[in-house]
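For reference, the chains in residue letters:
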Amino acid sequence: MKLYTEVERAWRVSAVGEIKNIMGRRSLLEYMGCSDREFDTLWTANPEEAIYTQNDLTIAGLDNIRAAFANRDSRLRTGGMELHPLTTPLIEIAEDGKTAQGFWYFLGQHGEQGQPGQWVSGRYCVDFRVEDGQWKIWHLLVGVDVAIEAGASRAAEDSLPCDRLTLPLSEADVTGVSVTRGLYYDTAYNFSSYPALPIPYASFGNGVSNLPVVQN
Amino acid sequence: MTNTTTAETLLERWKARREIETLMGRRTNYILMKKETKEWEELWCRQASDPCLGDNTGYYKGYDAIGAYFRAKYDRDLERAAQVQAKEPALAGQETAELLGVGSLNIHALTTPIIEIARDMRTAKGMWYVVGALADVGAGGVEGAWARGRLAVDFVHESGVWKIWHLFFAVDVLSKPGQSWPESNIPVESFAAMEQALPAPSVIQEQFVSYNWERQLAPDFLPVPEPYDTFDETFSYGV
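In order, the protein sequence lines correspond to chains F and C. In terms of our numbering, the first sequence is numbered consecutively and its last residue is 216. In terms of our numbering, the second sequence is numbered consecutively and its last residue is 455.
Be aware that one or more of the hints could be misleading.
[To be verified] Anything over 12 Å on all C-beta distances counts as not near chain F; from chain C, calculated: (1) 247; (2) 259; (3) 287; (4) 446.
[Unchecked claim] Derived pair list, reagent style DSS-like, types lysine-lysine, alpha-carbon separation capped at 27 Å: (5) 136(F) - 2(F); (6) 2(F) - 231(C); (7) 303(C) - 251(C); (8) 98(F) - 231(C); (9) 392(C) - 251(C); (10) 136(F) - 231(C); (11) 379(C) - 231(C); (12) 98(F) - 2(F).
[What the hints assert, rightly or not] Examples of chain F residues toward chain C, derived with CB under 10 Å: (13) 8; (14) 16; (15) 21; (16) 32; (17) 107; (18) 113; (19) 152.
Keep in mind that the hints were calculated from the coordinates and are not lab data. These numbers come from a predicted model, not from an experiment. The C-beta atom is built at its ideal place from N, Cα and C for all residues, glycine as well.
The whole structure should be built from the sequences, with the hints applied where relevant.
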């Protein structure tokens, strides 16, 4: 195990708080329909390296990701609701202090104009890296486990099937956006070993990310 | 590793964050145990000007208004406990003031923390999302509700201790279990199992509206905390 100086130890402790702040800010900016601010301030400044993934698709490149979320902002601001309260943080800072990985579980709600409210829950899996002294989101996966109408039973037969889960980005949001389709997070076998939990690591390299890596 | 700050400064700021997390955890547990008078006595500031406590119904501004709110809440809880005690033989003979939590379960679990300590270390700002479950005993029996909303707080460092200065709970969802919340959100002021009313807010101005299909969410109301140097240069969650 690497031995750290006093300053390094203090910095690593502070980094955990900063990463929690970034993810909290992201959740609440999303809720407010302010994705522009999220992408301007919280994501990597190397746009070609950003990756967003949800259960059924992945989007490479910040411009593409930004376009999909911009489509969604207007419906969130008027009669919509997408809120993923984050719990159960699991954060690993690389030994070299250049990257970090985090997992969260969210217990959230989804609302859409004219539609019944839904309780949604699932996981966030995120790679971060330091750019100009600031932590930034690099790769982000949101995997929805459950989306169920409020008031309905949670029995398996009443849960929405995988292909009908309400995901953050809808088909309408990604119309005209370059996406890669696939099954990136599978609720059929909840709590399987994918994505892998972050574990202590020395530095980011091939095979370290627990998220899909696709090219723009 | 990019860093120009001293270890001492980093640890001071980390310690402040931990103290604020603990303060808010203590508040949540006081609410759960119906010991909210301890919230007021222990966790709120006593020197800073114009403390504020707000929710969708308005603000209690100033020490007198907030103190009156907590006293009325205590009286209401005491009366509710007496009613439960009268119906429950196992509670006979006990001190009613020790039974404030009987029959209620008000969980305001805190998630999604954002905590920014001012660079001058005199104030701080925090925001959390509350994932809550409420239950209380009223005339018609037990009432329950799911509660969701943002908690926005300004803190002030007084005599070496972090204290709550301004606190606003912006309720998004307050709905009865078994119902779809867009159609069944309960007005915040009416989730009071007891009929005895609390004092009206002392300031009613910009009001936050619970979720409904027509709601236009204003991003400028309760902005997310951002790094700042001194309180003079940032916004306030009070009025």
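Each hint tested on the structure:
Consistency note on residue 247(C): stated as away from chain F, and its beta-carbon is indeed over 12 Å from all of that chain's, at 17 Å minimum. With a closest Cβ-Cβ approach of about 21 Å to chain F, residue 259(C) is found to remain outside the 12 Å limit, as its non-interface label requires. The Cβ of residue 287(C) lies farther than 12 Å from every Cβ of chain F, with a closest approach of about 32 Å, so its non-interface assignment holds. Against the 12 Å criterion, residue 446(C) stays outside the reach of chain F, whose nearest CB is about 19 Å from its own CB.
A C-alpha spacing of about 24 Å is found between residue 136(F) and residue 2(F), which places the hinted pair at or below 27 Å, so the restraint holds. This hinted pair checks out: residue 2(F) and residue 231(C) have alpha carbons roughly 24 Å apart, not beyond 27 Å. A C-alpha spacing of about 22 Å is found between residue 303(C) and residue 251(C), which places the hinted pair at or below 27 Å, so the restraint holds. At roughly 23 Å between alpha-carbon atoms, residue 98(F) and residue 231(C) fall within 27 Å of each other, so this suggested pair holds.
The hinted pair formed by residue 392(C) and residue 251(C) meets the criterion: a straight-line CA distance of about 24 Å does not exceed 27 Å. Simply put, residue 136(F) and residue 231(C) have alpha-carbon atoms about 23 Å apart, close enough for the 27 Å limit, and the pair holds. A C-alpha spacing of about 14 Å is found between residue 379(C) and residue 231(C), which places the hinted pair at or below 27 Å, so the restraint holds. With a C-alpha separation of about 15 Å, the suggested pairing of residue 98(F) with residue 2(F) holds against the 27 Å cut-off.
Nearest Cβ of chain C to the Cβ of residue 8(F): about 6 Å, under the 10 Å cut. The hint holds. For residue 16(F), the interface hint holds, the least distance from its beta-carbon to any beta-carbon of chain C being 9 Å, beneath 10 Å. Given hint, residue 21(F) at the interface with chain C, holds; its Cβ is 5 Å from that chain's nearest Cβ, closer than 10 Å. Interface hint status for residue 32(F): upheld, as the beta-carbon distance to the closest one in chain C is roughly 4 Å, under 10 Å.
Hint on residue 107(F) holds. Least Cβ distance to chain C is approximately 5 Å, under the 10 Å limit. Annotation: interface hint on residue 113(F) holds; nearest CB of chain C at approximately 5 Å, less than 10 Å. With a least beta-carbon distance of about 9 Å to chain C, the hint placing residue 152(F) at the interface is held under the 10 Å criterion.
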